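Below are the chains, spelled out letter by letter.
Number of protein chains: 2
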Amino acid sequence: MLGYRSPLSDIRFNLEVFDYQRVVNEIEDFEDFDLDMSMELLSEYARFCETELAPLNQKGDQIGLKFNAEDASVTTPPGFKEAYDAFVGNGYSSLSHPAEFDGGGGPATLAIAATEILIATNKSFSMCPGLTNGLIDALAAHGTDELKARFMPKFVSGEWAGTMCLTEPQCGTDLGLMTTRAVPHGDHYKLTGNKIWITFGEHDITENIVHLVLARMPDAPAGIRGISVFLVPKFLDDGTRNGVTCGGLEHKMGIHASPTCVINLDGAEGWLVGTPHKGMRTMFVMMNAARLNVGIEGLALSDAAYQAALAFAKDRKQSRSLNPSRNDRDDKADNILVHPDVRRMLLNVKSTNEALRGLVAWISVNYDLMHHHPDEAVREEAGDLVALLTPVIKSYGSERGFQNVSEALQVTGGAGYTTDWPIEQYLRDVRIAMVYEGTNHIQALDLVGRKLPMKNGRLLQGFAAKLTGLIQECGEIEALAPFAAALGREAGRLTKVTMELSSRAMQDREVVGAVASNYLNEFALVTLGYVWLRQLRHLNDHEDSPTKRSKFQTGRYFFEMVLPEARHFAILASVGKECMMDIEVDLL
Amino acid sequence: MLGYRSPLSDIRFNLEVFDYQRVVNEIEDFEDFDLDMSMELLSEYARFCETELAPLNQKGDQIGLKFNAEDASVTTPPGFKEAYDAFVGNGYSSLSHPAEFDGGGGPATLAIAATEILIATNKSFSMCPGLTNGLIDALAAHGTDELKARFMPKFVSGEWAGTMCLTEPQCGTDLGLMTTRAVPHGDHYKLTGNKIWITFGEHDITENIVHLVLARMPDAPAGIRGISVFLVPKFLDDGTRNGVTCGGLEHKMGIHASPTCVINLDGAEGWLVGTPHKGMRTMFVMMNAARLNVGIEGLALSDAAYQAALAFAKDRKQSRSLNPSRNDRDDKADNILVHPDVRRMLLNVKSTNEALRGLVAWISVNYDLMHHHPDEAVREEAGDLVALLTPVIKSYGSERGFQNVSEALQVTGGAGYTTDWPIEQYLRDVRIAMVYEGTNHIQALDLVGRKLPMKNGRLLQGFAAKLTGLIQECGEIEALAPFAAALGREAGRLTKVTMELSSRAMQDREVVGAVASNYLNEFALVTLGYVWLRQLRHLNDHEDSPTKRSKFQTGRYFFEMVLPEARHFAILASVGKECMMDIEVDLL
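Keeping their order, the protein sequence lines are chains V and B. Residue numbers for the first sequence follow my numbering, beginning at 721 and rising by one. Residue numbers for the second sequence follow my numbering, beginning at 721 and rising by one.
Note that these hints are calculated values from the structure, not bench results. All of these numbers come straight from a predicted model, not from anything done at the bench. The reader is advised that the hints may include incorrect statements.
[What the hints assert, rightly or not] No more than 30 Å apart at the CA atoms, straight line, and that leaves these computed lysine-lysine pairs for DSSO-like:
id, chain 1, residue 1, chain 2, residue 2
1, B, Lys-1052, V, Lys-1037
2, B, Lys-1052, V, Lys-998
3, B, Lys-998, V, Lys-1037
4, V, Lys-1034, B, Lys-910
5, B, Lys-874, B, Lys-910
6, B, Lys-1175, B, Lys-1216
7, V, Lys-1297, B, Lys-1297
8, B, Lys-1175, B, Lys-998
[Said to hold, decoys possible] Far from chain V, some chain B residues (derived; all Cβ distances over 12 Å):
id, residue
9, Glu-736
10, Phe-768
11, Glu-770
12, Asp-791
13, Lys-874
14, Ser-1071
15, Ala-1135
16, Thr-1139
17, Ala-1201
18, Val-1232
19, Leu-1308
[As the list claims (entries may be wrong)] Derived list of chain V stretches under chain B, where covered just means 3 residues or more per stretch with a C-beta under 8 Å from a C-beta of chain B:
id, stretch
20, 890-903
21, 1065-1074
22, 1108-1115
23, 1120-1130
24, 1150-1160
25, 1234-1243
26, 1279-1291
All C-beta atoms in this analysis are idealised placements derived from N, C-alpha and C, irrespective of residue type, glycine included.
Extracted from the complex, chain V is given alone in its bound form (with noise of 0.2 Å):
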């Protein structure tokens, strides 16, 4: 069996289709970051990745942690600290961060491409450089000068890692029930409390562990308006070991090579971080970032799935073709992808993946341009994009991740229930991301309650003019029209849907978390194929070659095969409420 292979080349495909030479061209910090320099420096990242992190993966999950209860230490598996050491020392865990701290100074765009890569060889391994990821991104978003000259440097060079420290035992999705106190003491705070699920809380990895910790001010707001943030080090700057340790690890059906710490906070000394009371905004600078990330952590399991199942298809033989045209006759058996369900179950997959990488680098691009474009408009329709897609891309690339990965499995049969291929770690690794960072049903209210009512619609509105536009363009194209009218259907009865979700929304809320979760998956299907409609646009002029045939047969498997499903979610949005809410609880 072949290893995973890093999708250079699809990943350099979409960046074309989704433009990210305009964050290049437009965006002076990032001019010395062009296609060709950053799939260069892409391509060296990979080669790290399956060389020195995939290796590891499966040791990792079979060795797992140690927790030492004598002094609350976290053994991490072998060599883990050391392709640590080599990932940061090789810059890549800060190719995007800020330069003036040391930080390679390249767009979000080529950081959350290397994600995908990073997280197909070692999702486990990923996950340490991913969380002081989020917290560079609330430092430099929210924190004073003081406190990014004292931490940022270090987390720049991956010499501190960080945690985000939000869950508590009766406080998970509803933050408001937060009870962990953060209490002045001078020019700083002591904080006291008990958080669980806290990834890389404890590891041997880094010299320092900084978490940052969601709490109350006694004088705080109840609810989710009197949280504050706070940067609680488990080593203090003279050495000294603050009162912050680990409690034990959770046992979990995957990532075992990723503590999921249980954190108490014994009157630890921790520094504020933006304005009291305001932690959300903080969080949510962090949040943002991480749920694409899980988005993320579906495409790439369910890719890397996608090429075990391929290489095993590829050397399998069984049974005859029911096509006597395509047997086999130097041989007893056919090759399995001469079977047309094969060949389905690779497709739902391998058309999903693309459409999910395509939106990966349209909201990355998007991303780097509401952060740094110079005009405030293009700003703001960037950031409208960013805000609405995120909910969309986190539920959806991990539902779908975690189907992919299974049908991944069917093509390979028994072989793949073993651990002599990956893909059971996968399936394993790939179920937490419809979990943490917010459940997917969480996401789909993000959308529902307050991305679709957001600005008077307009986040919507600017999203359903670009499909407009591009269905009418392709609808004019011959080669396209098919796609595009059937993208069309499914764009109007998504509009015809959101329209009376929101009549019906507006008499009863609770109509919006019957049908939320239906909603979004028929938002994310319309989604993909917009995603689908402009990659084949962009290949349409071009002369055949292996990749044009490749997108117009995938994308047509996806058109005929996959986007019917967004009519089957419109029906099960249409349903309502009734059939949850007036069943007696006590007779379920």
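We have chain V; now place chain B onto it with these hints.
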């Protein structure tokens, strides 16, 4: 958290709906097994499973199996052997085994209902007696009196366990590629070859293990028409070791306490069962029962997961209802069952579980009728139904079971991803059901390619007549008419898709492969709709009761939110093969 509780009352309800009484009344052998008596047996059986087997389930998963290469022995987790001895000692493994060999002599319906409970409490454990059942069925159908006398008492008492040895490295789905050889040797045969994926192929639970091995005699025709079946015991009658050894264990995602063995045959002595070269007949006796069993695996773990998710949901408070009238004014958050999406997830699981349980009851009652009813016409009609619905329950039961366990996990959030809850194990354990005993696509091909055309379409016609009759009848009952109408629409669509499919398949058999999997899912949902309508019709004249209200409310959910997917599968089944088969393989 409450542990799993056997669904005894729902089993009883379904036995009433699907006329178990007829088995008792019309088959003389079963006259002692009226519903009360059967439920009493089941209730005692359930208590044993809940108290003795369930506590071993997670331990078995975590401790797993040990293979000792020196003597090729396999050690099962602590407690498994003792539990097995008590299980067979109580007669629980032989509820329906032939009375002449000291079995319980009960109907298969009773044993099949018991199976759901056994699997739900400990799936790995269940596979050991499950396989022995298969050997008993095969021997009863095709064994000589001599073979029966030699093996049956040991199988029925549980002193010896059985295995099925089909797969070889080059030969899984395609049994025609089999190479294991059986050479005549006096009154028996000597077998040589390598078998893989052999469940309970080696273990320390019973004093002897008997393998039912598929192999070719030297003069055998090529392909599956040259396969014979042999009984190959681990120990021969004189106590010497036969030439059959375990070459190692697979390392799997789940069912960690069920040894999946490589089995090497090296001149092993074996005894022919049935006619030379006609082994597939014997195999299918076992296989059909095994396939029903695998469908039940999906149901069993889905229900166990549902119970855990519901227990979690009843306890967990998080966020506020979007409907202020549901707010719990005594607490800071509402119980999560106020959230429509939590109910949606739970009802997706519950409404399909309860239909699957009805389907199992319907098939199993017919299983008894087909084997034992004095009237040949009844036997034939029942046999048609069992043959038609076996691939449906195997495939849809396992696929839906996997989806449902994942949905239940989603209800519990991060908690369910940890070993603090049993759901993550259920998810890992249930995934294999989509693969073994014929992958789900093989089931779909069996349905479309074999069962539909069989006997000039008689199987389908019989089923369609039942469906039409019920829809008509219920269409005239006010409380049932909306459900009958919904089912009528889907049944009509299914008829149309079936007719189109058979006319297309006549021109191009490859189309069958392209559409079979989606067709089976459409067929399954219509079948589950039939089951729901039977259940509701049964209750319609009853007085108001919690059961009646629960069934009507859950059934309503099914018709509004689950059945519509039949239409989606119909759309996919109508797409045909081109978008799969026109793609260039090198571009995948």
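Inset, instruction - Tell me if chain B covers the stretch 1120-1130 of chain V under the three-residue, 8 Å CB rule, please? - result: holds (count 4)
Legend entry - Claimed clearance of chain V by Ser-1071(B), with the beta carbon kept past 12 Å: At about 9 Å from chain V, Ser-1071(B) fails to clear the 12 Å cut-off, so the statement is violated.
Inset, instruction - Tell me if chain B covers the stretch 1150-1160 of chain V under the three-residue, 8 Å CB rule, please? - result: holds (count 7)
Legend entry - Separation of Lys-874(B) from chain V, once the least beta-carbon distance is taken, above 12 Å: Lys-874(B) is indeed farther than 12 Å from all Cβ atoms of chain V, at 29 Å.
Legend entry - Reported absence of Phe-768(B) from the contact zone with chain V (all CB gaps over 12 Å): holds, 27 Å
Inset, instruction - Grab the minimum beta-carbon distance between Glu-770(B) and chain V and tell me whether it stays above 12 Å. - result: Nearest chain V Cβ is 21 Å from Glu-770(B), so the label holds.
Inset, instruction - Hey, is Ala-1135(B) genuinely clear of chain V, shortest beta carbon separation above 12 Å? - result: For Ala-1135(B), whose nearest Cβ neighbour in chain V is about 9 Å away, the distance does not exceed 12 Å, so it is violated.
Legend entry - Distal placement of Thr-1139(B) relative to chain V, Cβ over 12 Å: Non-interface label on Thr-1139(B) violated, nearest chain V Cβ at 4 Å vs cutoff 12 Å.
Inset, instruction - For the pair supplied as a hint, Lys-1052(B) and Lys-1037(V), confirm whether the alpha-carbon distance does not exceed 30 Å. - result: violated, 60 Å
Inset, instruction - Verify the proposed pairing of Lys-1175(B) with Lys-1216(B), using a straight-line Cα cut of 30 Å. - result: holds, 20 Å
Legend entry - Cβ contact check, 8 Å cutoff: the stretch 1065-1074 of chain V against chain B, three residues minimum: holds (count 3)
Legend entry - Restraint status (C-alpha distance of Lys-1034(V) to Lys-910(B) at most 30 Å): Judged against 30 Å, a Cα distance of about 36 Å means the pair is violated.
Going through the hint list in order, the structure does not satisfy hints 1, 4, 7, 14, 15, 16, 18, 19, 22.
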